[in-house]
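Colleague: Sequence:
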Amino acid sequence: MNRHNDPNPFDEEQQDEVNPFSNKGNAPSSKSHIPGLSSIPLSFGQKNDATVDIPLDTMGESKDRAKELASWEADLKRKEKEIKRREDAVSGAVLPSDDKNWPPFFPIIHHDIANEIPAPAQRLQYLAFASWLGIILCLVFNVLAVAIAWIRGEGVKIFFLAIIYALMGCPLSYLLWYRPLYRGMKTDSAFNFGWFFLFYMLHIGFCIFAAIAPPIIFNGKSFTGILAAVDLFSEVLVGVFYLIGFAFFCLEILLSLWVLQVRFDFLYSANIVDKLHESLRLLQGPPVNLQTQVSHLVDWKLRILVEK
Numbered sequence: 026m027n028r029h030n031d032p033n034p035f036d037e038e039q040q041d042e043v044n045p046f047s048n049k050g051n052a053p054s055s056k057s058h059i060p061g062l063s064s065i066p067l068s069f070g071q072k073n074d075a076t077v078d079i080p081l082d083t084m085g086e087s088k089d090r091a092k093e094l095a096s097w098e099a100d101l102k103r104k105e106k107e108i109k110r111r112e113d114a115v116s117g118a119v120l121p122s123d124d125k126n127w128p129p130f131f132p133i134i135h136h137d138i139a140n141e142i143p144a145p146a147q148r149l150q151y152l153a154f155a156s157w158l159g160i161i162l163c164l165v166f167n168v169l170a171v172a173i174a175w176i177r178g179e180g181v182k183i184f185f186l187a188i189i190y191a192l193m194g195c196p197l198s199y200l201l202w203y204r205p206l207y208r209g210m211k212t213d214s215a216f217n218f219g220w221f222f223l224f225y226m227l228h229i230g231f232c233i234f235a236a237i238a239p240p241i242i243f244n245g246k247s248f249t250g251i252l253a254a255v256d257l258f259s260e261v262l263v264g265v266f267y268l269i270g271f272a273f274f275c276l277e278i279l280l281s282l283w284v285l286q287v288r289f290d291f292l293y294s295a296n297i298v299d300k301l302h303e304s305l306r307l308l309q310g311p312p313v314n315l316q317t318q319v320s321h322l323v324d325w326k327l328r329i330l331v332e333k
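Count along the sequence shown starting at 1, add 25, and that's the number in the numbering used here.
None of these hints come from the bench; they were simulated from the model.
Since we're looking at a predicted model, the values are computed, not measured.
Glycine residues also receive a C-beta, built at the ideal position from the N, C-alpha and C atoms.
Do not take every clue at face value.
As the list claims (entries may be wrong) - Below are the SDA-like pairs computed for lysine to any residue, each with C-alpha atoms no more than 25 Å apart in a straight line: (1) K125 x G194; (2) K211 x D137; (3) K182 x I251; (4) K109 x E98; (5) K211 x L197; (6) K211 x E105; (7) K182 x I237; (8) K182 x P129; (9) K211 x I269; (10) K211 x F258; (11) K92 x E112; (12) K109 x N126; (13) K125 x E98; (14) K125 x K92; (15) K182 x F234; (16) K211 x I251; (17) K211 x L94; (18) K182 x L197; (19) K182 x I269; (20) K211 x K109; (21) K182 x F131; (22) K182 x P196; (23) K211 x D290; (24) K182 x K92; (25) K211 x E98; (26) K211 x L169; (27) K211 x W127; (28) K109 x W127; (29) K109 x K125; (30) K125 x I251; (31) K211 x K102.
Said to hold, decoys possible - Distance windows between CB atoms, simulated: (32) I241 x L162: 52 to 58 Å; (33) T212 x L285: 28 to 34 Å; (34) L169 x F216: 55 to 61 Å; (35) R177 x A155: 31 to 37 Å; (36) D123 x K92: 54 to 60 Å.
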């Protein structure tokens, strides 16, 4: 057997080649099987700190997850702040109040035209308010004039009738036609508008009857009308007061007719605006300038009709 090629186990050169504990260097093939690692020193307060190898892929994934979690947390905090803001806005919102605020010295009704009635309808509402105050003035002055006639010997019955007219007319005028108009303007209710027209026509009829004062009930002397004034003109003071009362009722009739005219003009202008807007919707893609001009025309026409 040929043993010349067998390695000598005691040969120092061969022992260095296979010695695993040799300090001359590492085998070149040892690095090919180890993945890329990142060495991070772990400090424990010593000079020669040990190093720990952490895979770079794991570090990248953890950073991405951390960023994603941070974005989710920021989104949740933003939504929480938005919900909190809305809750605070709802809880702190000032709801419209129906507290009694008129008249200021002794509030008995709620009345706030400037804040509750739309701007185009405020003029009409102020006229109706003046009409309601006008009928109150007429009825109160009617009591005063009839009281003077009673003192001059015309009897106490006409004075009690005048008081009944005032005690019933003032609250009924508010409940039957002024408040429905106020609510109709505030909520755009057709039912309230219809109720207002019905009883406002009765109101005008009552004013015409009081201004004439036909001799039906106690010769008509319970109203300061023209016929009663002529009949009582033998007493100059009584006749003068009755004539003033007749003038008040005439002014109330004119003011009431004016309110009706403004109301009809307001309805007419509203119908015109609705028709113009409907025609604008029917146009198939008109130019922007044409839409702007038609809108300005609508606003101009509405302003003219309301300010009549």
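Colleague: Broken hints, numbered, in rising order?
Modeller: 6, 8, 9, 10, 11, 12, 13, 14, 16, 17, 20, 21, 24, 25, 26, 28, 29, 30, 31, 32, 33 and 34
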